[in-house]
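Now for the letters of each chain:
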Amino acid sequence: MEDPIYWPSFFFLLFSAIACAFAVAVVVTPNVVRMAFYLVLSLAATAGLFFLAGADFVGAMQIMIYVGGTLVLLIFGVMLTSQDRFISMKTSNFELGMATGVGVCLFILLAVAARSIPEWHGLTAQQVAEIPLEPTAAPLGMGLLGARVDSPDRSGYLLIFEIISVHLLVVLVGAAYLARARRSRSGFSLTSDG
Amino acid sequence: MADFFISIQIWPWLAYLAAALIQITLIVTLVAAGSLLFIWLERKVSGRIQDRLGPTRVGGKFGWLQTLADGLKLLTKEDLMPEGADEFLFKIAPYVSFCASLSAFMAIPFAGGEHPFVALHLNVAVFFILAVLGLEVFGVILAGYSSASKWSLFGAMREAAQVVSYEVPLGMCAVVPVLLAGSMDLVVIGDRQAGSFLNWYIFHDPFTFVIFWVYFTCATASVNRAPFDLAEAESELVAGFHTEYSGLRWSFFFMAEYGSMLAVSLLASILFLGGWHGPIPVASFLGLTFDHGFWYGVAGNVLGTANIIVKGIIGVTVMMWVRWTFPRLRIDQVITTCLKYCVPIAAVMFLGATFWQYKWPNGITGGQSARTYSVREQWSAPAVPAAAKPAEKAVKIEPQPLTTAMGIARTE
Amino acid sequence: MTQLTLASILTQPVGVSHYLIVGAVLFVCGALCMATKRNALGVLMGIELVLNGANLNFIAFGSPYLRKASETMGLDGQLMSLFVIVLAAAEAAVALAIALNFYNSFNTIDVDRADQLQG
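Chains as they are written, first to last, in my numbering: chain B, 1 to 194; chain C, 195 to 606; chain P, 607 to 725.
Read the hints as simulated data drawn from the structure, not as lab findings. Treat the hints with care, as some may be off.
Restraint-style ranges between C-beta atoms, simulated for each label pair [said to hold, decoys possible]: (1) C/ILE508 / B/PRO135: 27 to 35 Å; (2) B/ALA176 / C/ASP273: 36 to 44 Å; (3) B/ALA125 / C/LEU545: 15 to 23 Å; (4) P/THR617 / C/VAL504: 41 to 49 Å; (5) C/TRP207 / B/VAL112: 52 to 60 Å; (6) C/SER440 / P/LEU693: 40 to 48 Å.
C-beta atoms are modelled at their ideal positions from N, C-alpha and C, and glycine is treated no differently.
My request is simple: use the sequences and hints to build the entire structure.
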């Protein structure tokens, strides 16, 4: 039987509404921990959009690294640097107004640009139904190892993969070095009232 | 399951709704009934280990209605909130934990074959489950922060540090079965271990045998069970992150804890202990496979579901046994166990398993070669033209104009 | 812009442009966050949102369901977004370390007070 509503589009609307609403909430709220919480929800909804676009491996990566790793880091940072119990820093109303104006203009520009190309308006339901469902994890792994399974004329990413691995290692060592506990006179200690 | 409903000629949206509702009901029932069972079991196990009887009166012989009595007591408790608390986050934190723990069950298959019993047949299920289980820590952090109590905050910080560190060795251990099966799909991983218990990945080679125990240790730590339950160490922190919670909200944290205990046990049984395949292949002796017909296969899958749930319950019971046997570690010992023991052991065993798989892909018992290679062929077959000279391909990076790749140039 | 009405979105598949608009919302929110927050960690969260919006665009351009298969970036889009995710995590670690150091030295994470090098 015929279905009046195309359900993937419905879920697209649902996830994108969640993502956008909480992204706006991140901007609006003054409390840092709440900002982090809204950011989690926004990023998780984006992972849902990734799943809808057929990128299941990247969606799982998004949940694991972005939502899991980065946000836990952020919350750590919030807790380690909070002076009051519930930290919040106000921005002046003038700045907020200016930023909102510029932001709305920028968004209109981007949205008009996105809608201006007719080929980007989407396929028909029949065309989508003809596309075979393909796993992405193994081809992605092969791509990172330098062999492209999906299209032979494109190149792999082995060099970039290696560079990023080394980069990550360096960054983690550097971050651990920067954030290590100090015992010097000028540094922060638990007993000083600063 | 949706396909089945579509095949009986109703609107597709109704079919999907019906399928979704049935699956949701089954999963929620499993988690809720699981916690009912596990809370009672925990009392009984702890009682027996400490030479007591445990609950004996409520509901007849073994006190099997004890959990229900507990639940009623929790329902009637006053819902308290500390004065300086961040109200919104305080109220929402238990549900965040519970949702994370529940949504892991979405991707766990309970039986395989051509029509697996799984709510969401994901191609990257292993990864998804680990990621979602890691989100449970958010509820705990929010609870600890919003309670405006130093005990809660300390508990939450400890839990965050612990869970984030233990995700590293946990991921390394979970990668080994993925490597052996050549797929991140849990249905595929489970079905690779069909046959007798000698085909289970725990007995595949000595390295996987070791890595199973590392996995179990890390899983225990990442769901915050004793001896790693630093977040709620009552001798130091009153009750840790849930100090300020009472009544129903408190019980949601416990549902989440028992839910994720069951989830990691089920994951362990799929990854290492054959999943829905019993120690002896009873279902295939009886002819209960999809080769003989759809309903035979479904009957076999029901048997498999019972199988995997029994394995999961055994795993949870072992966690309880461990809890009441070992003393709690100090926080520095917890982190030392992770970074100095679990990570190196997991890394070495991972390398060992890789070499073993390269050298003897058949495993010890020799029954796994044909199946393993069939998967490899599956996803590398179209790669033959590209992967013919992978080494040359790798260093040759052709810079493509980004605009051409994105189709912008073509629009004029 | 007439095709943006709710009814037509619900009855046919979405395209690249819908994803781009969601990405634009995330990007603008992130940029606003970076511009208006005085808290260093707020700025960091803004950066995360911006990167996330960019990621969404990469995924949209790489997905075969949103455009004709011959025109998509194929796996390039997904690989790019993987790199972005990993680099975002690395960047967050370094930025947090810097924020912690700043806090240790000045006892605040208000970025407006980081003006020691001002001439």
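Would you list, in rising numerical order, the hints stated earlier that this structure does not obey? 3 and 5
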